[in-house]
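Could you put together the complete structure from these sequences and hints?
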Amino acid sequence: MNSMTTRAERKQKIVLQSIAFIILGVAFIFLWHELKNARATSGQPASEAILLSALSPLFNNLYIVLSMSLLAILFGIAFAFYLEEWLPATNWIRRLIESLIAILTGIPSIAYGILAILIFFSYADTLKEAIEAFPLPENIGTIPSQIETTVFYAEVLTFILMVMPLTIKTTQEALRSVATPIREAAYVLGANQWQVLTRQVVPIAFTRILAGGCRAMSRAFAMAALLIGIYTWHYTTELRGMSGRFILFLTVALFLSIFSSTLIWVHGSNSAQHS
Amino acid sequence: MENKIEISGLQVRYGDKTALNRISFDVHKNEILGIIGPAQSGKTTFLKVINRTLEFIPEATVEGTVKLDGVDIDTIDDVYELRRRIGMVLPLPVGLPLSIYDNVAFAPRTAGLRTKSELDEIVERCLQQAALWDEVKDRLDTLGTKLSGGQQQRLTIARALSHQPEILCLDEFSIAIDPVTTMRIEEVLKTLQTEMTILLVTNLVQQAKRLATRTAFFLNGDLIEIDTTDIIFSDNPGSQATYDYVNGTFG
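Taken in sequence, the protein lines are chains A and B.
Numbering of the first sequence is given in this note's numbering, commencing with residue 709 and proceeding in unit increments.
Numbering of the second sequence is given in this note's numbering, commencing with residue 94 and proceeding in unit increments.
Treat the hints with care, as some may be off.
Pairs of lysine to any residue residues, derived as SDA-like cross-links and limited to a Cα-Cα distance of at most 20 Å, are as follows [as the list claims (entries may be wrong)]:
id, chain 1, residue 1, chain 2, residue 2
1, B, Lys239, A, Pro889
2, B, Lys239, A, His975
3, B, Lys239, A, Ile890
4, B, Lys239, A, Arg907
5, B, Lys239, A, Pro911
6, B, Lys239, A, Val974
7, B, Lys239, A, Val886
A few chain A residues that face chain B, going by a derived Cβ cut-off under 7 Å, partial list only [what the hints assert, rightly or not]:
id, residue
8, Pro889
9, Ala893
10, Val896
11, Leu897
12, Gly898
13, Ala899
14, Asn900
15, Gln903
Just so you know, the hints here were simulated from the structure itself, not pulled from any lab data.
Glycine included, C-beta positions come from ideal geometry on N, C-alpha and C.
Right, here's the structure in full:
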C-alpha cells in the first residue's frame, strides 16, 4: 500500500526536493559570503575564528544537550500522534509540516551540525538579545557566562531540529504500518479513537516507534561525536584530550543504531509469524 | 410489521462515482434481509452507511436519511454507541492481534464490562454461536491471528455477536468457511432471528434463498427490487434482471 505512489505524488516530491536543494544552495552561498567578510576584519581564517569561539564551550554541557534531545524525541512522538491520528491527511498544516520534515530529515547530520552552528554563532549577538528575554532556569546546569548561555541555546536548538523531524517521520511511518483493517475491525466493535489507539495501534507499532526514537538519538550522538572529532583534530596537537568522550559517543551512537535495526528485524519476523 | 431501519433517498458518492443511487426501503424488525447483487452494486457501501464507518473514507459523500428505530443516525452524537448496537462481519477475516479470548472480549471491554465471570460467559456463548467453541476451547489464550482463515472468519462472527447487537450485518461471511460449518452457522442465524435483525449480504444466491425472509437485489447502485424471498426466487419476479441474476443467466 505504501509503495503505491501516483504520478502527482512523485511530481510533488521532485518539486519539494528541488526547493530543498535551492534553499541549501542559497544558505551555502550566503554563509560563504559571511565568512569571507569575517576573514577581512579579523585577519585570520574565519572558519577557525568562529569554530574556536564556538566549539570550546560546546562540550561543557553536551550531556545536558543530549538529555534535552531525549525530551525532544518524546515530544516528537507525541506530535506525530497528533499529526497522524487527529489531523486529516488533507489538512494544509499537516501537509506543510510533513514537507518541512521531509526536507529536514534529508540533511546528513554532520552538515546539520556545522551549518547550524555557523548560522547560530554568526548571529550570536541577535540571539543573545532574544534570549535575554527568556532567562535560563538557575538549576539546569553550570553555565557561567552570558555567551555560554547563547551557545547552550544554539546547541539545544540544533539538536532539537536534527532529532525531532526524524522522530516524527519514523513514528508516523510506524503508525501507518498498522493495517487499516485492524483499525476498522476495532471501530466496528464500538471502540472509540482512544481505545483503538491504546489497545490496538500502540501495542502493534510500539517496537517501530521505539526503533525510530533510538535512530534519532543515535543521530544526535553521532553528531556530537563528529563535532568532538573535528575539534580535537583542529585545536589540539595531541589526540588524547577529547578522544575518550569521542569514542564513548561514537560507541553509543553505533550501539543505538544497531539496537534500532535489531528491533525492526525482530518486529518484522514477529509480524511475519502473525499473518 | 415494525420497521427497524428506514432508508429514504440514500445516495452515496465516492468523488464523481455514484455507489448508491437514491435507494429507499425499510428493514423490518427481526427479519433476515438478504442483499444480493454483482460486484460494484453498492452492497458493502450500504452496510458502511448504517454503522457510519463510511466516515473514514474522506471522499465519500452521503445524502438522504437512514433512520434506526425512528432516529436519524446522522443526529446520533455518540457514534461508538451506535456501532455497539450493530454487529458487523467483514468479508475478509481480520483477527485482532490478541488472544482468542481477548478478541471476543474486546467489545464488551470497550463498553466498560470488567467482571471476569460475565466475560467468560459472553466468550463461551459467542464462540458457541459461531460454531468455533469446540475447536478452540482448550487454547483460548493463543493468538487469534494464528487460526486458519475459516476459523478466523468464525472468530469475527463471534466478535460481532459479543456486544449483543440489535442488528447483525454479515458481509460475505461464508467465503472462507467450509459448507458443513456454514450450515451450522446458518442454523444459528435462524435462531438469532428472534433476538435481532439480520442483514445478510451474499454472493451465494442460494444462501439468501435458504435464509432470508425478504431479499433485495442491488445492481450498479440501484435497488432493482425488494420482496419476499419466495417472489424473488419465483419464475416471475418484478424485474427481468432479477430473474436473470438469480438463475445465473445474467448479462
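*Interface hint for A:Gln903, Cβ within 7 Å of any Cβ on chain B*: Since the shortest Cβ distance to chain B is 5 Å, the answer is holds.
*Status of the hint placing A:Pro889 at chain B (closest C-beta pair under 7 Å)*: Check passed: Cβ of A:Pro889 comes within 4 Å of chain B, closer than 7 Å.
*Given A:Leu897 was flagged as interface, is its beta-carbon under 7 Å from a beta-carbon of chain B?*
holds (4 Å)
_chain B contact restraint for A:Asn900 - C-beta distance below 7 Å_ = holds (5 Å)
*Hey, B:Lys239 versus A:Ile890, does the alpha-carbon distance stay inside 20 Å?*
Given pair B:Lys239, A:Ile890 holds - Cα atoms ~15 Å apart, limit 20 Å.
*Using 7 Å as the Cβ threshold, decide whether A:Gly898 counts as touching chain B.*
Result: holds, 3 Å to nearest chain B Cβ.
*Given the hint that B:Lys239 pairs with A:His975, test it: the Cα-Cα distance must not exceed 20 Å.*
The given pair, whose Cα atoms are some 16 Å apart, holds under the 20 Å limit.
*asked:* The hint names A:Ala899 as touching chain B; please verify it with the least Cβ-Cβ distance against 7 Å.
replied: OK, holds: A:Ala899 within 7 Å of chain B, min 4 Å.
*Taken at face value, is the distance from the CA of A:Arg907 to the CA of B:Lys239 at most 20 Å?*
holds (19 Å)
_Distance restraint between B:Lys239 and A:Pro889, which requires alpha-carbon spacing of 20 Å or less_ = It holds: about 17 Å lies between the C-alpha atoms, which stays within 20 Å.
*Distance restraint between B:Lys239 and A:Pro911, which requires alpha-carbon spacing of 20 Å or less*: Between B:Lys239 and A:Pro911 the Cα gap is close to 17 Å, so the pair holds against 20 Å.
_20 Å limit on alpha-carbon distance, applied to hinted pair B:Lys239 and A:Val974_ = Between B:Lys239 and A:Val974 the Cα gap is close to 18 Å, so the pair holds against 20 Å.
Going through the hint list in order, the structure satisfies each hint without exception.
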